[in-house]
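S.K.: The lines below spell out each chain.
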Amino acid sequence: MTADKQFEDNGFTGDERPGEPLNEVDREDVLLEVKGLKKHFPILGGVFRRPVGWVKAVDGVDFYVKRGETFGLVGESGCGKTTTGRCIMQLEEPTAGTIRFNRDGQWINVDRKTIAGLRKDIQIIFQDPYSSLSPRMRVRDIIAEPLEAQGMKNRAERYARVEELMEAVGLSKSHMDRYPHEFSGGQRQRIGIARALALNPSLIICDEPVSALDVSIQAQVINLLEELQERYGLTYLFIAHDLSVVQHISDRVAVMYLGRIVEMADVDSLFENPRHPYTEALFSAIPVPDPDFKMEQIILEGDVPSPSNPPSGCHFHPRCRYATDICSRETPQLTRVDGKKDEVGSHYVSCHRYRELDLAGVSLRQGA
Amino acid sequence: MAMVFKKLLRNPVSLLGLVLLLGFVLVAIFAPVIAPTPERYKDDPYRIPRYGWRAAPSPPSPEHPLGLTHQQHDILYGLVWGTRTAFRVGITVTAATCLIGVIVGSVSGYIGGRFDEIVMRIADVFMSFPFLIAAIVVTTIWGRGLTQVMAAMIVFRWAGYARLMRGSVLQVKEEEFIAAARAAGVSDAKILMRHIIPNTIYPTLIQASMNIGSIVVSVASLSFLGFGAPEGYADWGQMISYARNWILGTPDNPLAYWYAVVYPGLAIVLFVLAWNLIGDAFRDIMDPKIQG
Chain A
1 MTADKQFEDN GFTGDERPGE PLNEVDREDV LLEVKGLKKH FPILGGVFRR
51 PVGWVKAVDG VDFYVKRGET FGLVGESGCG KTTTGRCIMQ LEEPTAGTIR
101 FNRDGQWINV DRKTIAGLRK DIQIIFQDPY SSLSPRMRVR DIIAEPLEAQ
151 GMKNRAERYA RVEELMEAVG LSKSHMDRYP HEFSGGQRQR IGIARALALN
201 PSLIICDEPV SALDVSIQAQ VINLLEELQE RYGLTYLFIA HDLSVVQHIS
251 DRVAVMYLGR IVEMADVDSL FENPRHPYTE ALFSAIPVPD PDFKMEQIIL
301 EGDVPSPSNP PSGCHFHPRC RYATDICSRE TPQLTRVDGK KDEVGSHYVS
351 CHRYRELDLA GVSLRQGA
Chain B
1 MAMVFKKLLR NPVSLLGLVL LLGFVLVAIF APVIAPTPER YKDDPYRIPR
51 YGWRAAPSPP SPEHPLGLTH QQHDILYGLV WGTRTAFRVG ITVTAATCLI
101 GVIVGSVSGY IGGRFDEIVM RIADVFMSFP FLIAAIVVTT IWGRGLTQVM
151 AAMIVFRWAG YARLMRGSVL QVKEEEFIAA ARAAGVSDAK ILMRHIIPNT
201 IYPTLIQASM NIGSIVVSVA SLSFLGFGAP EGYADWGQMI SYARNWILGT
251 PDNPLAYWYA VVYPGLAIVL FVLAWNLIGD AFRDIMDPKI QG
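Residue numbers (my numbering), protein chains in the order written: chain A, 1 to 368; chain B, 1 to 292.
Since the hints were derived computationally from the structure, they do not count as laboratory data.
It should be emphasised that the depicted structure is a prediction, and the values quoted were computed from it without experimental measurement.
Be a bit skeptical, because a hint or two may be false.
Using C-beta positions, here's what the derived DEER-type ranges look like [stated by the list, open to error]:
#, chain 1, residue 1, chain 2, residue 2, range
1, B, 221, A, 50, 42 to 48 Å
2, A, 52, B, 129, 50 to 56 Å
3, A, 51, B, 12, 53 to 59 Å
4, A, 232, B, 91, 39 to 45 Å
5, A, 308, B, 99, 38 to 44 Å
6, B, 193, A, 36, 53 to 59 Å
7, A, 47, B, 99, 31 to 37 Å
Dumping the calculated EDC-like pairs for lysine to aspartate or glutamate here, alpha-carbon to alpha-carbon at most 16 Å [what the hints assert, rightly or not]:
#, chain 1, residue 1, chain 2, residue 2
8, A, 38, A, 93
9, B, 190, A, 148
10, B, 7, B, 252
11, B, 190, A, 268
12, A, 113, A, 141
13, A, 113, A, 92
Now the stretches of chain B that chain A is said to cover, found in silico as 3 or more residues with beta-carbon under 8 Å [claimed, not checked]:
#, region
14, 104–112
15, 194–205
We put the beta carbon where it would ideally sit given N, CA and C, even for glycine.
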């Protein structure tokens with residue numbers, strides 16, 4: 001079956017069909033597909049340390065990342081976005097679901113066994129530049145480590161590559177022999193980026209790469225990431241909680257709430273025309289640098305429920321001002337609401353009432 | 001490491017410890033010069049020479065500067081050559097227990113889960129025996145001797161280090177640089193050797209340096225009880241043991257045989273003190289996570 005044929009079988013025919021669920025995407029331009037991903041952590045209790053409950057950190061996540069794009073994954077702390085990234089890298093073993101990677105037209109299931117062969121294709125940048133570099137290793141050895149692990153035996157060759165990488169991320173190669181604590185946060189994050197680039201991956205999972213940095217440094221690192229993307233044709237899965245950063249860097253964005261994706265769309269479509277009440281509330285919280293600007297602030301009642309005991313139906317319903325009966329009874333599916341096939345602009349939302357609601361977005365590129 | 005050493009030298013407390021330790025090292029190295037072995041004992045220099053058959057100790061004299069203890073064993077000779085025994089026992093036992101503890105603790109902590117649970121329960125079993133009793137049982141089975149005592153100490157002492165090591169490994173293995181190494185495809189063995197152990201071993205090393213002294217005390221107590229070094233062997237515990245019957249002196253002079261008790265006791269106290277001072281200073285240096 002050709003990729004195109006299968007694609008049609010899955011319901012992505014030419015005409016607009018609102019209400020289409022997100023199915024398997026077998027297209028050439030898709031690099032990574034995540035389907036039904038779940039990660040449940042056991043809560044151990046009692047003398048025998050048996051699981052007495054489960055924290056459903058990721059509870060059925062579907063999305064796909066297109067080749068060459070930056071796919072933003074946003075949500076508040078504890079919504080499972082970092083766990084999603086770690087599951088893709090198999091740093092956590094997923095409880096359920098499939099992750100597939102498209103290597104030159106060949107689909108590979110990403111799991112514990114295949115990940116070893118995929119490390120050259122998928123790499124990760126971590127959130128905390130202080131914890132992500134071993135304090136007792138020199139920078140040259142930190143950056144060379146993936147090369148060594150992936151079989152570059154020649155030491156001189158490795159270090160030549162390290163020099164190249166350090167220059168690519170804007171570090172002086174004369175600093176190769178220093179230890180991580182001799183660098184600033186921004187520089188350390190550049191070291192982390194150089195390490196992720198070492199194997200020439202096509203996909204880099206950026207797990208909140210700038211949230212630990214000062215705002216002024218954030219911009220530099222973001223610019224560096226964009227520059228590297230252009231130069232090496234990288235694809236980013238960009239995990240963050242800062243909406244303005246995500247808006248700036250992403251082509252497409254998915255919004256997560258309590259282990260599920262509530263909305264996924266092209267960045268402009270999402271910000272201008274959010275279709276999920278949670279997205280709307282999230283956007284109303286973006287600070288606007290204009291004292292005269294008045295926008296309705298949607299204050300969500302209560303706290304985020306515990307992922308060990310999520311609400312029934314739509315996870316968001318207890319805090320949603322539009323919730324009706326059905327919201328607490330049935331779990332909404334991630335559904336395409338507009339856009340043709342999978343063009344840029346196709347918009348997916350997981351809400352029972354998306355047809356009736358008229359939600360407020362934010363005007364794009366404010367102040368930018 | 002060089003930096004740590006520099007800091008040890010700058011701290012007066014640890015400097016005292018280092019000086020004491022250096023003194024003991026020199027005594028151990030130059031034992032044949034300080035206390036030459038008499039011709040008739042040449043085949044076994046670790047036997048303390050005897051100068052007569054009288055039971056009661058003899059006071060210091062020009063030929064025997066520290067006096068002769070029970071059955072006329074030379075105190076100076078016993079102490080000087082006993083320094084070698086102390087180092088051998090202390091370092092062998094500490095190195096072996098530390099090595100076993102580091103390997104078991106780091107592997108157990110790194111693998112985690114049920115394996116970790118089982119290993120730690122086994123460690124609990126070893127830790128639950130009162131050490132002296134366990135050592136006495138072992139020497140009863142294997143026979144008297146320093147080797148047996150050392151083996152017993154190794155068998156019953158590794159668990160403490162394993163515990164300590166595991167604790168720090170559990171903490172460090174959650175750090176992002178471990179995840180980064182795994183993401184890069186570094187093998188588990190290399191992650192342990194290159195990332196986990198270098199970042200967790202310091203508390204264990206500090207513990208080890210403090211323990212060398214206490215191991216020497218334990219061996220001395222076993223020798224005192226008659227389970228350690230063979231009769232006549234140069235060992236501080238043995239020297240104390242010789243003094244046992246003479247601690248109270250004679251009825252008219254309770255301090256008559258002070259030299260038989262004080263000199264061996266002093267050697268042990270100073271040796272333990274040296275290691276403890278170094279261990280303490282080492283800990284203070286390492287405590288605020290070393291930067292530099």
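S.K.: It remains to establish, for every hint, whether it holds in the given structure.
M.R.: A quick look at each hint next to the structure:
1. With their beta carbons about 45 Å apart, residue 221/B and residue 50/A fall inside the hinted range of 42 to 48 Å.
2. For residue 52/A and residue 129/B, the hinted distance range of 50 to 56 Å is not satisfied, since their beta carbons lie about 34 Å from each other.
3. The hint said 53 to 59 Å for the Cβ distance between residue 51/A and residue 12/B, and at roughly 55 Å that hint holds.
4. Between residue 232/A and residue 91/B the CB atoms are about 54 Å apart, so this pair departs from the stated range of 39 to 45 Å.
5. For residue 308/A paired with residue 99/B, a C-beta distance near 42 Å keeps the hint of 38 to 44 Å intact.
6. Hint check: residue 193/B to residue 36/A, Cβ distance near 38 Å, so the stated range 53 to 59 Å is violated.
7. At about 33 Å, the CB distance of residue 47/A to residue 99/B agrees with the hint of 31 to 37 Å.
8. For the hint pairing residue 38/A with residue 93/A, the CA-to-CA distance comes to about 10 Å; that is within 16 Å, so the pair holds.
9. A C-alpha spacing of about 11 Å is found between residue 190/B and residue 148/A, which places the hinted pair at or below 16 Å, so the restraint holds.
10. Between residue 7/B and residue 252/B the alpha-carbon distance is near 52 Å, which puts this suggested pair outside the 16 Å criterion.
11. Of the pairs offered as hints, the one joining residue 190/B and residue 268/A is violated, with about 46 Å between alpha carbons and a cut-off of 16 Å exceeded.
12. Of the supplied pair hints, the one linking residue 113/A and residue 141/A is violated, its CA atoms being roughly 27 Å apart against a limit of 16 Å.
13. The hinted pair formed by residue 113/A and residue 92/A meets the criterion: a straight-line CA distance of about 13 Å does not exceed 16 Å.
14. As drawn, the region 104–112 of chain B meets chain A at 0 residues by the rule of a beta-carbon pair under 8 Å; below three, the given contact is violated.
15. Only residues whose C-beta sits within less than 8 Å of a C-beta in chain A count toward coverage, and the region 194–205 of chain B has 4 of them, enough to reach three; the restraint holds.
Checked against the numbered hints above, the structure breaks hints 2, 4, 6, 10, 11, 12 and 14 and satisfies the rest.
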